[in-house]
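Protein chains in written order, with this note's numbering: chain A, 1 to 385; chain B, 1 to 60.
It is possible that some hints are incorrect.
[What the hints assert, rightly or not] Some chain A residues close to chain B (C-beta under 8 Å, calculated; not the full set): (1) F55; (2) L130; (3) L131; (4) K208.
[Stated by the list, open to error] With a cut-off of at most 20 Å between alpha-carbon atoms, the simulated EDC-like pairs for lysine to aspartate or glutamate come out as follows: (5) K208(A) / E10(B); (6) K208(A) / E41(B); (7) K7(B) / D134(A); (8) K193(A) / D350(A); (9) K192(A) / E4(A); (10) K207(A) / E10(B); (11) K211(A) / E319(A); (12) K211(A) / D34(B); (13) K192(A) / D100(A); (14) K212(A) / E6(B); (15) K207(A) / D34(B); (16) K207(A) / D134(A); (17) K318(A) / D134(A).
Derived by calculation from the structure, the hints in this document are not laboratory data.
Glycine included, C-beta positions come from ideal geometry on N, C-alpha and C.
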Amino acid sequence: MGLEQLMPAIALMTWQDLVMIAIGLILIYLAIAKNYEPTLLLPIGFGAILVNIPFSSAITQIDPATGQAMEGVLNTFFNAGIVTEIFPLLIFVAIGAMIDFSPLFRNPSLLLFGAAAQFGIFMTMIFASLLGYDLREAASIGIIGAADGPTSIVVASRFAPNLLGPISVAAYSYMALVPIIQPPVIRLLTTKKERLIRMSTAGSYNKKISKKALIAFPIVVTIVAGIIAPSSLALIGFLMFGNLIRECGVLNKLSLAAQNELASLVTLLLGITIASTMTSDRFIRVDTLIIIALGLFAFIFDTFGGVIFAKFMNLFRKEGNKINPMIGACGISAFPMSARVIHQMGQKEDPFNYLLMPAVSANVGGQIGSVVAGGIILTLVPLFA
Amino acid sequence: MTQAIEKTLEIAGIGIIGVFIFMVIFYLLIRALDKFLPYKEEVSTEGNSVDVETEDDTQN
């Protein structure tokens, strides 16, 4: 009896499988040792190991005796949770329950940075298209710039399921790398004088917000967004539903469950299910490297869009009422990572400059902006493709 | 320029403008909600102030 019969997994293991197992180990290392998005990168990393051992029963295999497909549990999860979009949408309910929109009510003009910092999505789409990707694939790659994992998964699973693995890994990895990606780009685009601008934190940031307004906000946003772009409703609606559970005041148990148990369980399933697409034959390709590079490009141009928009707004603002352009970079969805990074950058320039409150407002705007951008892409691409 | 790139440019243009339009609408919604549903003081039946919500005169 040969090795092939005794240990078929070892006999048939290719170098590509070994590379994927190494990638899985690296993701697990980054999650545990560096604390980079551990809730997602750890399941993805472990899943990458699970699916790249030959004959793994975790994914669908063809029975050599009968020629019939034996569905693996991860493929079952994939068909039930990703193809149907259930997992990412449940994550939106959880995220909605975690978001406090009151910083936006205190300074609503900062909401606009949530639009400006989506610039990277569209720039990346154009570049991906120039590199030869078709419209659906280019849109899926561009959405990495939303800096929002569930939005990336929804768009990619609908338009380019073949690219879902690398897109998800890029989206979550770069979200974790915001403290490394954003500061150099911001320094390149701003002068020291601009980085020293202080924003008034008194007054508006102490303003109390009516509970009724906070309850009405998710309902009104859902209705308005639904009327303008019904295709965006699954994304925006679930986010706002989660937020309504949080703000209504009568579903505190559900709100806590959504923020904790639901978020944890679905994130776990989402991560390990995404890994089912990370088989060596699908992942070890030049495409993966290009997508990872384009993802970085998307995050850089998001930061660029936000910072340049802040500088543009300053052209129309009086001295003493200027916006610190670093705040523009917080318009991405990575919350509260981006706000924290900008606050720390501000403190490094001037220890008495407190940018945290405006940074959080812009960052909350970014959470809405990324979902809106995802909804717009879901609406537009089928019209043009 | 291929047709695919032209379409992508068109989507990118409409997309970024669309996101700004949405955000401006949400900005106006927030201003409207803040105006029509201002923070008010809630007083308990015993006359004690509870979880105070006040008309915020210091809003800016």
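(message) Let me make sure I understand: some of the numbered hints might not hold for this structure. Which ones are they, in numerical order?
(response) Hint check: 1, 3, 5, 9, 10, 11, 13, 14, 16 and 17 fail, others pass.
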